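Peer 1: So the sequence lines, in the order shown, correspond to chains X and D. First residue of the first sequence: 1, per the numbering used here; consecutive thereafter. First residue of the second sequence: 117, per the numbering used here; consecutive thereafter.
Note that these hints are calculated values from the structure, not bench results. A quick note: this is a predicted structure, and the numbers were derived from the prediction, not measured. Some clues are possibly wrong.
In the DSSO-like style, the derived pairs of lysine-lysine whose C-alpha atoms are separated by at most 30 Å in a straight line are [claimed, not checked]: (1) D/LYS119 <-> D/LYS168; (2) X/LYS9 <-> X/LYS57; (3) D/LYS119 <-> D/LYS185; (4) D/LYS168 <-> D/LYS185; (5) X/LYS57 <-> D/LYS119; (6) X/LYS57 <-> D/LYS185.
One-letter residues, chain by chain:
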Amino acid sequence: DSGVTQTPKHLITATGQRVTLRCSPRSGDLSVYWYQQSLDQGLQFLIQYYNGEERAKGNILERFSAQQFPDLHSELNLSSLELGDSALYFCASSVGPPGVRSDTQYFGPGTRLTVL
Amino acid sequence: DAKTTQPPSMDCAEGRAANLPCNHSTISGNEYVYWYRQIHSQGPQYIIHGLKNNETNEMASLIITEDRKSSTLILPHATLRDTAVYYCIPVGGGSTLGRLYFGRGTQLTVWP
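Take these sequences, add in the hints, and give me the full structure.
Peer 2: Structural data, given as structure tokens:
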């Protein structure tokens with residue numbers, strides 16, 4: 001158990017819908033990261049937040065957005081869902097702050113999103 | 117970012133040492149070498165990391181060559197639960213600081 005929690009574990013929805021994935025970081029961690037893992041793309045970095053502020057963006061679609069709240073939990077919002085958005089979504093957390101090169105990320109168990 | 121090369125698959129007998137190689141010949145001087153593993157569709161699990169010196173923890177040992185162009189992850193006594201995809205990831209370079217780039221990794225299969 002990494003200490004990172006994600007809800008829900010599974011999510012099944014239809015194309016065009018909007019969903020919200022939730023992540024609670026390990027106690028004391030200020031950085032939260034989101035990753036997507038699809039069958040054909042492997043694990044890909046989406047976005048990073050540190051203490052409520054966006055710090056880095058990867059290959060995140062404009063239909064996707066995220067935020068980190070004052071209690072440090074984070075939500076990933078996926079809208080106008082397409083079949084290709086079906087994937088595992090992982091959240092990771094680390095102590096932070098950005099700029100620390102050996103800041104280890106710990107991953108949650110993931111949310112499996114199925115878009116029908 | 118440093119590119120890595122790992123064998124796509126390896127196998128190992130239970131109880132024997134598993135030695136997983138990684139080539140990272142373009143690694144920069146300030147990049148750490150991190151190893152993670154992913155057991156079927158579970159969240160990636162941190163194993164170990166190092167910069168120049170060899171490292172050991174309760175899970176594994178990491179041997180980094182003197183020129184830092186390659187490393188080897190050693191699981192000293194592999195068990196069936198070590199069957200997973202293992203990723204070698206250089207971390208810490210410039211604008212990509214903070215994000216992990218997962219390649220294809222090595223599928224390690226431990227057999228009884």
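Peer 1: Broken hints, numbered, in rising order?
Peer 2: No numbers; nothing is violated.
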